[in-house]
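*Asks:* Build out the structure end to end from the sequences listed, making use of the hints.
Under my numbering, the residues of the sequence shown are numbered 679 to 883, in order.
Derived by calculation from the structure, the hints in this document are not laboratory data.
Just so it is clear, the structure is predicted and the values come from calculations on it, not from any experiment.
Where hints are given, some of them may not hold.
[Stated by the list, open to error] What follows is a set of in silico ranges between Cβ atoms, one per label pair, in the way DEER data are often shown:
1. 697 - 813: 16 to 24 Å
2. 700 - 814: 25 to 33 Å
3. 696 - 846: 37 to 45 Å
4. 735 - 793: 24 to 32 Å
5. 693 - 813: 21 to 29 Å
6. 735 - 713: 24 to 32 Å
7. 755 - 688: 48 to 56 Å
Cβ coordinates follow ideal geometry from the N, Cα and C atoms, glycine included.
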Amino acid sequence: MTIGPDHVLAIVIDRANTLLESWYGRSGTWMGSLVIALVLVFLVHAYVEGGSAPISHGAYYAALSLDPVDTGVANPFRGRILAPLLGWVSGLRGPWFVLVPWGFLVGFLAQVNVWCRRQGAAPLHALAIMLAISFSPVAMHSLAGPGFIDAVSYFFLAAALMNIDRTMATCTFMALAIVTHGATAVLLPAWLLPPGSVVMRQGCG
679 MTIGPDHVLA
689 IVIDRANTLL
699 ESWYGRSGTW
709 MGSLVIALVL
719 VFLVHAYVEG
729 GSAPISHGAY
739 YAALSLDPVD
749 TGVANPFRGR
759 ILAPLLGWVS
769 GLRGPWFVLV
779 PWGFLVGFLA
789 QVNVWCRRQG
799 AAPLHALAIM
809 LAISFSPVAM
819 HSLAGPGFID
829 AVSYFFLAAA
839 LMNIDRTMAT
849 CTFMALAIVT
859 HGATAVLLPA
869 WLLPPGSVVM
879 RQGCG
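*Replies:* Listed below in structure tokens is the structure:
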């Protein structure tokens, strides 16, 4: 019997799903997703030939991380205080600040995988979505521009949407996303209007 290419592809996909399920079974969905996300971040960083020194806006955020409450030093991004504050608290200050948004980027990609699995996606489909986001400007921007904080707001925004049925959690995460980067506020309608959202019914009080 001749085996056609469609049949071979189906076997490969089934085998890949089995291997991924086995991986998540051993490591747990979250930990397994974080490991895969970390590998993807390394691969994309190499692909974009990213550096490690804060540049452009990232340099301002890195400077803020040295002393986020020092108002005597002029900085155009002082209103976006959360990420530099996290860098200051964690000890990732100055040139080390780039690890803050990169760490949140790993977390964000893991969130994507976990959310896809919760929605019933097969492991390989979820991985494909992770790959698509990893090799898109969403991730590449943060890796090509060390110190840019967009990934931090992506993480908190994703957390808000993943917890849309839990009032306190979703409101807290959305507030953190906006404090990180005010532009996140344009996505408030997407957060308020989903059918499963409790925010419109109960408010954040």
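*Asks:* Are there hints from earlier that the structure breaks, and if so, what are their numbers?
*Replies:* The structure breaks none of the hints.
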